[in-house]
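Colleague: One-letter residues, chain by chain:
Number of protein chains: 2
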Amino acid sequence: MAKINKSALSEKKGVSVSETTNANSIKSYKENRKTEIAPDTLIEGILKKNITALGRAITLIESKNQKHTNQAKTIIQACLPHANKSIRIGITGVPGVGKSTFIEAFGKHLTDLGKRVAVLAIDPSSSITKGSILGDKTRMEQLARNDRAFIRPSASGESLGGVARTTRETIILCEAAGFDVILIETVGVGQSEIAVHSMVDFFLLLKLSGAGDELQGIKRGIIEMADAIAINKADGDNLKSAKLAQTESKRALNLYPEKDSQWQPRVLLCSAINNKGIDAIWQMILEYEKVTTKNGYFEEKRNKQSEYWLIQTIENQLNSRFFQRPDIKAELEKHLKLIRENKTTAFAAAEYLLGLE
Amino acid sequence: MAKINKSALSEKKGVSVSETTNANSIKSYKENRKTEIAPDTLIEGILKKNITALGRAITLIESKNQKHTNQAKTIIQACLPHANKSIRIGITGVPGVGKSTFIEAFGKHLTDLGKRVAVLAIDPSSSITKGSILGDKTRMEQLARNDRAFIRPSASGESLGGVARTTRETIILCEAAGFDVILIETVGVGQSEIAVHSMVDFFLLLKLSGAGDELQGIKRGIIEMADAIAINKADGDNLKSAKLAQTESKRALNLYPEKDSQWQPRVLLCSAINNKGIDAIWQMILEYEKVTTKNGYFEEKRNKQSEYWLIQTIENQLNSRFFQRPDIKAELEKHLKLIRENKTTAFAAAEYLLGLE
Numbered sequence: 001m002a003k004i005n006k007s008a009l010s011e012k013k014g015v016s017v018s019e020t021t022n023a024n025s026i027k028s029y030k031e032n033r034k035t036e037i038a039p040d041t042l043i044e045g046i047l048k049k050n051i052t053a054l055g056r057a058i059t060l061i062e063s064k065n066q067k068h069t070n071q072a073k074t075i076i077q078a079c080l081p082h083a084n085k086s087i088r089i090g091i092t093g094v095p096g097v098g099k100s101t102f103i104e105a106f107g108k109h110l111t112d113l114g115k116r117v118a119v120l121a122i123d124p125s126s127s128i129t130k131g132s133i134l135g136d137k138t139r140m141e142q143l144a145r146n147d148r149a150f151i152r153p154s155a156s157g158e159s160l161g162g163v164a165r166t167t168r169e170t171i172i173l174c175e176a177a178g179f180d181v182i183l184i185e186t187v188g189v190g191q192s193e194i195a196v197h198s199m200v201d202f203f204l205l206l207k208l209s210g211a212g213d214e215l216q217g218i219k220r221g222i223i224e225m226a227d228a229i230a231i232n233k234a235d236g237d238n239l240k241s242a243k244l245a246q247t248e249s250k251r252a253l254n255l256y257p258e259k260d261s262q263w264q265p266r267v268l269l270c271s272a273i274n275n276k277g278i279d280a281i282w283q284m285i286l287e288y289e290k291v292t293t294k295n296g297y298f299e300e301k302r303n304k305q306s307e308y309w310l311i312q313t314i315e316n317q318l319n320s321r322f323f324q325r326p327d328i329k330a331e332l333e334k335h336l337k338l339i340r341e342n343k344t345t346a347f348a349a350a351e352y353l354l355g356l357e
Numbered sequence: 001m002a003k004i005n006k007s008a009l010s011e012k013k014g015v016s017v018s019e020t021t022n023a024n025s026i027k028s029y030k031e032n033r034k035t036e037i038a039p040d041t042l043i044e045g046i047l048k049k050n051i052t053a054l055g056r057a058i059t060l061i062e063s064k065n066q067k068h069t070n071q072a073k074t075i076i077q078a079c080l081p082h083a084n085k086s087i088r089i090g091i092t093g094v095p096g097v098g099k100s101t102f103i104e105a106f107g108k109h110l111t112d113l114g115k116r117v118a119v120l121a122i123d124p125s126s127s128i129t130k131g132s133i134l135g136d137k138t139r140m141e142q143l144a145r146n147d148r149a150f151i152r153p154s155a156s157g158e159s160l161g162g163v164a165r166t167t168r169e170t171i172i173l174c175e176a177a178g179f180d181v182i183l184i185e186t187v188g189v190g191q192s193e194i195a196v197h198s199m200v201d202f203f204l205l206l207k208l209s210g211a212g213d214e215l216q217g218i219k220r221g222i223i224e225m226a227d228a229i230a231i232n233k234a235d236g237d238n239l240k241s242a243k244l245a246q247t248e249s250k251r252a253l254n255l256y257p258e259k260d261s262q263w264q265p266r267v268l269l270c271s272a273i274n275n276k277g278i279d280a281i282w283q284m285i286l287e288y289e290k291v292t293t294k295n296g297y298f299e300e301k302r303n304k305q306s307e308y309w310l311i312q313t314i315e316n317q318l319n320s321r322f323f324q325r326p327d328i329k330a331e332l333e334k335h336l337k338l339i340r341e342n343k344t345t346a347f348a349a350a351e352y353l354l355g356l357e
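The listed protein sequences derive, respectively, from chains Z and U. Note that the numbering used here gives residue 270 to position 270 of the first sequence, counting from 1, and the numbers run on in steps of one. Note that the numbering used here gives residue 304 to position 304 of the second sequence, counting from 1, and the numbers run on in steps of one.
Careful, some of the hints might be misleading.
Just so you know, same-sequence chains aren't split out, so a pair can sit in one copy or run between any two.
No more than 25 Å apart at the CA atoms, straight line, and that leaves these computed lysine-lysine pairs for BS3-like [as the list claims (entries may be wrong)]: (1) K343 <-> K219; (2) K49 <-> K250; (3) K343 <-> K301; (4) K259 <-> K290; (5) K219 <-> K294.
Hints in this document: simulated from the structure, not taken from any laboratory. Here the structure is a predicted model, which means the values were calculated and not measured.
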C-alpha cells in the first residue's frame with residue numbers, strides 16, 4: 001500500500017477476496033488514514049509533488065463523510081493558486097478501440113519527453129469490485145510503474161454529476177502537484193463524453209477503420225465535439241482501410257460549421273501498439289494550444305467551462321432539493337393522477353406545486 | 001375581423017401599415033374584446049364549436065395580462081373534461097420542403113372526409129409583424145376558407161417554453177371545440193421539434209429527395225423521433241430519385257432500435273401539390289392509432305408527455321426564480337470573477353450561492 005498510484009490499478013484484486021473481509025480491511029485502512037494526516041500536511045505534500053499525499057487528498061474529495069468533505073475543501077482552496085497550468089486532454093472511443101493501449105503509449109511518450117502525466121477516468125457505472133475502466137491491473141502496466149505518471153480510476157458507485165465534480169476537483173490537485181498533462185478517459189457511451197468535454201482543453205476521439213460511425217456506436221454529437229480523430233490500429237493489413245476511413249472522417253468533419261476555436265479538427269492515423277503516430281498527435285495538441293492561446297480561445301473556454309459547472313451545479317441542487325421534499329413527492333404523485341384523469345393540466349399542476357415552496 | 005380564423009393569416013398586412021397606427025388599433029381592439037365577453041360565454045361558445053369564441057379564448061391564453069391569465073385558467077379548466085379526444089400530429093421539415101402545401105392538401109383531404117382540423121404552429125422566432133410561419137396570407141389559402149378548418153399561428157415574440165405552454169393549452173381548447181385532428185407545424189430547425197414531439201401522438205417528418213440528410217439540415221435526433229417520413233415532391237422527373245431516397249431512408253430508420261410504441265417507422269412518397277399519396281399517409285396514421293391504442297402505448301405516451309411538461313415547467317420556474325433574484329445575479333457575477341482569478345471553484349461558488357436561498 002506504499003504507492004497509491006499502483007493501488008488504484010489493483011481494484012480487481014477485490015474480486016477474488018471475500019467481500020466482507022475486503023470491505024472491513026478497506027474500512028480500517030481508511031480509519032487509519034483519516035486520523036493519520038492533517039490537511040496541512042497533505043497540502044504540503046501535494047505541492048512537493050508527493051504522489052501518496054495526492055492520492056490521499058483525492059480520497060477525501062471522493063468521500064461522503066462531512067469531515068472529509070471539509071478537509072477536502074481546505075486542500076482544494078490551498079491548491080487553487082497552483083492549479084490551471086496543465087493541458088487537459090479528453091480521450092474517448094468505444095470499447096475495443098484500444099484506449100488503454102493508446103494512453104499507455106501516449107503517456108510513455110510524454111514521460112520520455114520529461115512531462116508528468118496524470119490519467120483520470122469518468123465512468124459513472126464502475127464500482128469498486130466491478131471496475132470496468134482502469135480497474136484491470138494488467139491495463140497500462142508500464143505507465144503504472146512510471147514515476148512521472150499518476151493513474152487514478154473513477155470514484156466508484158457515483159452518479160455522473162458526482163464523478164464530474166470529483167474529477168474536476170481532482171484536476172486541480174493534480175495540477176498543484178505539478179502534472180503537466182492531464183488525460184481524462186471516458187467509456188465512450190452516453191452522457192459522460194459531454195461531462196468530459198466540458199472539463200478539457202482538447203477532445204480526442206479514437207476510432208477504428210472499417211465499420212462506419214453508426215456501427216461503431218459513435219454518436220454524431222461526439223464527432224461534433226472532437227478536436228481531432230485518431231484512427232487507431234492503422235497497421236499491417238489495416239493500413240489501407242485506415243487511410244480510407246481517414247478520408248471519410250475528414251469529409252464528415254468538413255460538414256460541420258467552423259468551431260469557435262477557429263481550429264479545424266484533424267484526422268490522424270496511429271498504431272498505439274507499435275508506437276506509430278503518437279508523436280504526431282502530441283505535436284498537433286501543442287499546435288492547438290499555441291493557436292488557441294494566441295486567439296484567446298484557450299482561456300475563454302476554461303472560463304466558460306467554469307461558468308457551465310457553476311450553473312449546472314446550482315440547477316441540479318435546486319431541482320433535487322425541491323423534488324426530494326416528502327410533501328412535494330406526495331403532491332406530485334397526486335397531481336400526476338389528476339392529469340391522467342383530465343382534471344388538471346401539467347401547467348396548472350406545476351403552478352400549484354411551486355406554490356408549496 | 002369577423003372571422004378569427006382568417007385574421008390569423010393576415011398578419012403580414014401589418015408590415016405595410018404604420019406600426020404605431022397598427023399597434024394602437026390592435027390595442028383598442030383588444031380593449032374592446034376584453035370587456036366584451038365573459039369566460040362563461042367563451043366556454044359556452046367553444047363547446048358549441050364556435051370558432052370566434054375559440055380564437056378569443058386562445059388570445060387570453062397568450063396574453064401576459066394577469067386578468068386574462070386568470071380568465072384563461074377558468075376556460076381551460078372547464079374545457080378539460082371535453083379534451084383529449086383528437087389525434088395530434090406533429091409535422092416538421094426544413095424550409096422549402098413544402099410544409100404549407102402539404103398541410104393544405106392533407107387538411108383538405110381530412111375535411112373532405114368530414115373531419116374538423118385545427119392547424120397550430122410552434123415558432124418561437126416569429127413576431128406579429130415578421131411572422132415567418134403561417135403568417136403569409138397566401139399560404140394555405142384554401143384551408144383558411146374552409147369551415148371545418150381552424151388555423152392559428154404561433155404566439156409572437158415568445159420563448160420556446162412560452163410557446164410550448166400556450167400551444168399545449170390551445171390543444172385542449174381545440175379539442176373541446178370538437179376538432180378531430182390537430183396538426184402542429186414546426187419550422188424544422190433547433191429545439192422546437194423536441195417541444196412538438198413531446199405534445200403529439202404522431203410525428204411526421206417531410207423530406208425532399210436528392211440531397212442527403214446533412215445537406216437538408218436534418219439532425220439525426222429528428223429522424224430518430226419520426227414515426228414516419230414522407231418524401232414530398234415525388235412527381236415528374238423527381239419520382240426516380242424520390243424512390244431512391246425512400247430506400248435510403250428506410251435503411252437509415254432500420255439502424256435505430258425498436259421504438260417503445262412497437263411501431264416500425266415507415267417511409268412514404270407524396271406529392272402534396274398534386275394531391276398524391278395524401279390518403280396513404282392518413283391511413284397509416286389511423287393504423288398507428290389503432291396499433292398503439294391496442295398495446296396501450298397511445299395513452300401511456302400522453303401520460304408521459306404530461307409528466308414531462310409538469311417536471312419541465314417546475315424546473316424552469318425554480319431555476320429562473322433563483323437566477324432572476326437581484327442579489328443572486330450580483331453574487332453570481334462576483335463569483336464568476338473569483339473563479340476566473342483562480343480564487344474559488346465552480347462547486348464552492350455554487351454552494352455559496354445556494355446558501356443564499
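Colleague: Look at each hint and say if it fits the structure.
Modeller: Hint-by-hint comparison with the structure:
Taking CA atoms no more than 25 Å apart as the test, K343 paired with K219 passes in neither setting, with 41 Å inside one copy and 37 Å between copies. For the homomeric pair K49 and K250, neither the shortest alpha-carbon distance inside one copy (41 Å) nor that between copies (58 Å) is at most 25 Å. With identical chains, the CA atoms of K343 and K301 are at most 25 Å apart between copies only, with a shortest distance of 18 Å across copies and 48 Å within one. Only within a single protomer do K259 and K290 lie at most 25 Å apart by alpha-carbon distance; the minimum there is 16 Å, versus 46 Å between protomers.
Taking the closest pair of Cα atoms, K219 and K294 never come within 25 Å of each other, the shortest separation being 31 Å inside a single copy and 33 Å across copies.
Violated hints for the displayed structure, listed by number in ascending order: 1, 2 and 5.
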